[in-house]
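Trainee: Spelled out from the first residue to the last, the chains are:
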Amino acid sequence: MSRHRYLKDKLFMVMVFLFALAGVAPLFAIISAIVVNGVKTLFLVGPSFFFGLPSSPLSNNPGGIGPALEGSLILMFLSLIIGYPLAFMTAVLAVEFPESLLGRFIDVLVKSILEIPTILIGILVYTLVVIPTGSFSAWAGAIALAIVILPYVYTHIENALRNIPMDIRLASYSLGLSKAKSVFYVFTSEARRGLLTAVLIGLARASGETAPLLFTIGGNWFTYFQGLSKPIGAIPLLIYTYTLTPYTNYHEAAWGASFVLLIIYLCSFIAFRGFSRL
Amino acid sequence: MKPAVIIEDLNLWIKNKQILYNISLIAPIHTITVIIGPSGSGKSTLLRTINRLIELTEDVRYTGIIRVLGKNIMDWDVYELRRTAVYVAQTPNPFPHMTIYENIAIGPVLHDMVSDKADLDRIVRWALEKAMLWDEVKDRLNEKPSVLSGGQQQRLCIARALALKPQILLLDEPTANIDPENTYRIEEMLKELRDEITIVLVTHNHDQAKRLADHLVIIRDGRIESTDKP
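Chains A and B, in that order, give the protein sequences. The numbering of the first sequence is the working numbering, which starts it at 1 and goes up by one. The numbering of the second sequence is the working numbering, which starts it at 1 and goes up by one.
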């Protein structure tokens, strides 16, 4: 290799390295800021940060995020309960009946939800659920989150079902099993890794969404769960609300809540990677 | 001899390309009918048409009449037809995430053929014994089929089919890519099974055809070249 070519090759490698670094630098900046400030809050408050109630605005103590943390977990669970079966059935329709008009229509429809700003989903649920029932509620938030996670969960389930080898399909149908039995007893067993991944993706998405909750859950930070038809809290909305206030202790609480959210997200991501490699 | 399968003037197209031309044949009950021909001659397609598995292929259409146990295949419930005339593929395709036991049990369980666990255990053992596999796997029933050799996996697939107590077994080159010892075992098994089950077997191996066939059909380029009338 000539010296000129060698230098060009080295220059290219350095540029690739620098651009890659520039790409991940913001991510590291965000994570390090959250970790540094979040851990500081956790040390300041102690374990009661996870279970306690918020403090008064001008207090020296950031207070706890107990109701918001509980609300987030409830909303994650509820949205998955609503969204996962919908995503599963639509994915089955799209994969097992690809020729059907309904299957193709639903495929396009579900994937198009990805392009809709999530705040519009919040407004839709506000119109359809919150106004008619006259109250912000856990149900409204869960429905909004279920719509938001639907295309993500759907895509993973669809991929999992599509990747079932043809010889497995043939084996199932050659035993005289119907489509329904093949899907529920054979294909789900073969695709279980992908189906579990879809659960984790759904949980991760639901844990971090703020916009759909603005118009739906009412942001209840001071009382624990009172019922599905009552307002409820959630960590992302708490972070958003606290950062808009001028109070230092609320800002500290928002950092701590961000750290908790990051942990939930990372746990989901690590589990997702683990399942992917099984 | 009473026919198990009758095919009359079958023509079949996939994506507007004709694959089978004017096929007519009879597979007598409790015999081994061997369909032999070179690769690409339409043997497997013909086999899959008998229990309508071919309908899983895109853009397929066919004309003619196929009768299974005296009844037009279009008048059968398709799932009942496939349970009665079970197809076993050329490449062993056990369900990889199920155990050896579950692979056999899934058919009888989902077709409501068993009353309790003991009944299911009996069927699983019976099927594995019929497939000459019981002695090799009886201590490994809870292991995945990946621990078995290719030949054992193929016998597992045949046992899975037998567990459904089918009346017809459609075997698509069951000994292709399998060592001579397993080939011998499968052939011996088929000879024993013929008294209870009608077997339609596709192969391109002339020696195997000679060893097994009660009734031989030679197919070439989608047309029947010759057949010895049963």
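Worth flagging that the hints you see were computed from the coordinates, not collected in a lab. Misleading hints may appear alongside valid ones.
Capping the alpha-carbon separation at 25 angstroms, the derived lysine-lysine pairs in DSS-like fashion look like this [as the list claims (entries may be wrong)]: (1) B/K165 - B/K191; (2) A/K179 - B/K191; (3) A/K179 - B/K165; (4) A/K181 - B/K165.
Keep in mind the model is a prediction, meaning the values are calculated, not measured.
Trainee: Give a verdict on every hint.
Mentor: Status of each hint after checking the structure:
no.: 1; hint: B/K165 - B/K191; in the structure: 17 angstroms, holds
no.: 2; hint: A/K179 - B/K191; in the structure: 33 angstroms, violated
no.: 3; hint: A/K179 - B/K165; in the structure: 21 angstroms, holds
no.: 4; hint: A/K181 - B/K165; in the structure: 19 angstroms, holds
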